[in-house]
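Got chain L sorted already, so can you dock chain G onto it with the hints?
Protein chains in written order, with numbering that gives the first Met the number 0: chain L, 0 to 180; chain G, 0 to 412.
Derived by calculation from the structure, the hints in this document are not laboratory data.
From a predicted model like this one, the values you see are computed outputs, not experimental measurements.
Hints are supplied without guarantee of correctness; some may be wrong.
As the list claims (entries may be wrong) - Once the Cα atoms are required to be at most 25 Å apart in a straight line, the calculated DMTMM-like pairs of lysine to aspartate or glutamate come out as:
| id | chain 1 | residue 1 | chain 2 | residue 2 |
| --- | --- | --- | --- | --- |
| 1 | G | K34 | L | E178 |
| 2 | G | K8 | L | E178 |
| 3 | G | K210 | G | D269 |
| 4 | G | K115 | G | D195 |
Claimed, not checked - To give an idea of the interface, some chain G residues facing chain L are shown, with a C-beta separation under 7 Å as derived from the structure:
| id | residue |
| --- | --- |
| 5 | L10 |
| 6 | G16 |
| 7 | P17 |
| 8 | F23 |
| 9 | I31 |
| 10 | I35 |
| 11 | P197 |
| 12 | R200 |
Just so it is clear, CB atoms sit at the ideal spot from N, CA and C, and this is done for glycine as well.
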Amino acid sequence: MNTKTNLEAWRYTDAETDAKAVLQDMMSTYGNDVWNYAFTLLRNADLADDITQDVFLKVYRNLSTFRGESSVKTWLLAITRNCVYDYKRSALFRHFITDRFTHIRTEHRSAESEALEHIAVNDIWKQVLTLPVKYREVLILFGHHQLSIKEIAAMLGVSEGTVKSRLHHARKRILERKEGS
Amino acid sequence: MERNNDEKKLLEKLSKGPTSSPGFSKKLESRIEEKIGKENRMRRSWIFLAGRVAVLVVILIFSFNFKLVGDNWNPSPAPEPDNAEPAATGVVEIAEPAPLRDALLLGLRKDERFEKGTSSTYRTLLVAPVAGSLEVAARGSGILLPYKQEFWKIETATRNTEDGRGIMRYLTAYPAEQKESAGPGTGRNRPLPVHDGPLVRSEALTFVGNKYVSVQTTDYTAQEAGSYRVNTVLQLRPADPEQTPELRPNSPTPFVSLSGLLGVKDPVSDVNWAIVRAKGKWIAMAQNGSGGPASSIPYRYAEVPVRLSETVVSHDKLAVPWEDVERLQPGAKDAVSSPDRDLLAVVTDNEIRFYKLRPSPGSDGPERFQPLPEPLLTVPLRKGETLIMAQWATGIYVPQWIDKTRKYLDGND
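Here chain L stands alone, though its shape is the one from the complex:
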């Protein structure tokens, strides 16, 4: 087990290289989590790419203020959510969506159908992606990202009771649709 080369290299890296290495580490560990969350909120792969880029740029710029606590994943998902909602709120986004809808309609596609087309894992995901966003995101945070009710409530800024209620309705809708199909 010859580790000397790698470890010695680490010791002599400068601050910038170190921050890059930390970011690379975060991207390899949590890149998919960030992308998947952005994708489920936006149902658009290109926008998920853009949001993921924004998230990791923000993380890189603010690494020195991050104390590296254990819930890095929760921290990243919260940044992702903020980025998505900032993006949605921006006039640029509205303009972009208008253009995109015009473009999409000419091709008889929607963001939702694109998402459904893009995914191929299973029918459950297809159904989840058609849920209203408030139900969709609690279900994804709980079922896919394995966050606790408490963590989800803190991230969304709602009570734990609200999270439980949304989770219940989300599950119910999915199961009813499944039974109906």
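Same frame as chain L, but now just chain G:
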């Protein structure tokens, strides 16, 4: 019943990603890295330009003052900070360090050998800037660690072994708030009867991190054969705090595998590994060869060629090369530096010295740091004490940590 099964299936299917191929592609990763590289190049250009402008402004101001006062100019020397180096030029003053910003929570372990075995004791210190100067802001016995948004404590407890062969000393973790809320003689504080007997097994910490700990175990019935394991903090919780808080279940000891945590696929042992301190960094060591309790040969260990990820250790990068640490403090055994690169703590055999860091003047390349020659603070160590935890707080967490550690640490170390 069927509905429960459906729910289970729903969660199982959601545990996979929404897309057939990973959405976070290598292409996207490269795009982000490229963007960061571009930003860094632009930032360096601006810093370089701003530096040149600053130097020019300083020269102009000096020239202007000199011209105004002429021969009557007899400047009295400006008072120097206690820890400042003699400045070679006026420009160096631009690089004077900013006030300290970060706080360091240190966990120390001390082993004491006695006739029947070894006993490890722990203490925790918070070194933080308070009212502009660096000091030990809180101290106490045991290990106090930040865990998620709370603080937890790790202590050593004693109980009889299940087979009645003797007693064992084992590690136990619990939320620091819980200890405070439990009254004496109730809940966790209720003492359990421990009978006399030989020490059969003991546990000690080699590392305490974000949510993982590394545990060294010694089996005194097998010629003091030692082994290691890594646990999550939660795995050190007692089985049922409401009933028998000091007892663990008789199930096998839980552990975090080397392959699971660090992705090392081909270890000799996936269980017998440790995280230990080695000259300014945390490293992973794993069993490398046979031996152990069933053999007369002790286990052999080798460093694992992997970098510990952010989820395991945070801010584990020295701001100065180890050679500089040794030059500064001959006989240095270990060192840590702050995330904001403003503080360096150097560990020797009998003390920890805290030095202020400042950017090295005159380096055109990547930013480098150097310690000021005189320490801001010196904390004495007891004989044989070693570092097992170094957690940094930055920004708004610094005052929070000072408050919390003062609340949870007993002040007696």
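Structure-based check of each hint:
| no. | hint | in the structure |
| --- | --- | --- |
| 1 | G:K34 with L:E178 | 47 Å, violated |
| 2 | G:K8 with L:E178 | 14 Å, holds |
| 3 | G:K210 with G:D269 | 19 Å, holds |
| 4 | G:K115 with G:D195 | 12 Å, holds |
| 5 | L10 | 5 Å, holds |
| 6 | G16 | 5 Å, holds |
| 7 | P17 | 5 Å, holds |
| 8 | F23 | 3 Å, holds |
| 9 | I31 | 5 Å, holds |
| 10 | I35 | 6 Å, holds |
| 11 | P197 | 37 Å, violated |
| 12 | R200 | 29 Å, violated |
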